[in-house]
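Using the working numbering, read the sequence shown as starting at 12 and increasing by one per residue.
Keep in mind the hints are simulated off the structure, nothing from the lab. There may be inaccurate statements among the hints.
[Claimed, not checked] Listed below are the simulated EDC-like cross-link pairs for lysine to aspartate or glutamate, each with C-alpha atoms no more than 16 Å apart in a straight line: (1) K51 <-> E41; (2) K105 <-> E41; (3) K209 <-> E162; (4) K184 <-> E118; (5) K184 <-> E162; (6) K22 <-> D46; (7) K105 <-> D217; (8) K105 <-> D27; (9) K105 <-> E196; (10) K47 <-> D70; (11) K105 <-> E192.
[Said to hold, decoys possible] Have a look at the derived ranges for each label pair, beta carbon to beta carbon: (12) S48 <-> R210: 33 to 39 Å; (13) P101 <-> A42: 27 to 33 Å; (14) G149 <-> A108: 34 to 40 Å; (15) S171 <-> E224: 42 to 48 Å.
For every residue, glycine included, the Cβ atom is placed at its ideal position computed from N, Cα and C.
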Amino acid sequence: MTDSLIFAVPKGRILDEALPLMARAGLTPEAEFHDKSSRKLQFGTNVPGVSLIRVRAFDAATFVAHGAADFGIVGSDVVDEFGYSALYAPVDLKIGACRLSVAEPQELAATDDPRGWSHVRVATKYPQTTSRHFAARGVQAECVKLNGAMELAPALGLTSRIVDLVSSGNTLKANGLVEVEVISEVTSRLIVARPAFKRKGAVMADWIARFREAADATSE
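Could you put the whole structure together from the sequences, leaning on the hints where they help?
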């Protein structure tokens, strides 16, 4: 494959699971990618003409959606939040499983019933998804946008509830919070820029097939 392609991968928790899957699909980064002292953000791979960029998950979706990268990996939470029309997510990679949930302090949850909510004030990194979820239930959601440390919001009186990704639930527990509602189940997806798919259809179709096969092998 000699077509020039850029593949975007997210920093953080998904990357450790993504790398073995990428290898099964036939794509591995150069050695410097694993050098924690390296300040590079773009790396070569074992495939001529295919380079890799390592960025934040939300930025990976933006790079692909705007054509700066051709394809990549992000969580379905990111795909849903942005709703980019130029983004195609053809493969559920079956890694990075977690859930997007509403959580609140334990003492509030002891007497609270989500079915009775008419208005909520929540801290979240996902204001669009959160607003859509509550609007579908007829609940008015006031979203306070935070990019991290979500669990501090109830303790410091910023909001009563949060909407955030939950895996083990240990972080919630450590901060006196409990899940009260699941908005969506989340897994990582292969994303493709629709313009790239139109311009480089054959090579992109081949990579999609490779990642689908790798994902299916992962789940066996």
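- Just pull the numbers of the violated hints for me, sorted ascending. Result: hints 2, 3, 7, 10, 11 and 14 break, sorted rising.
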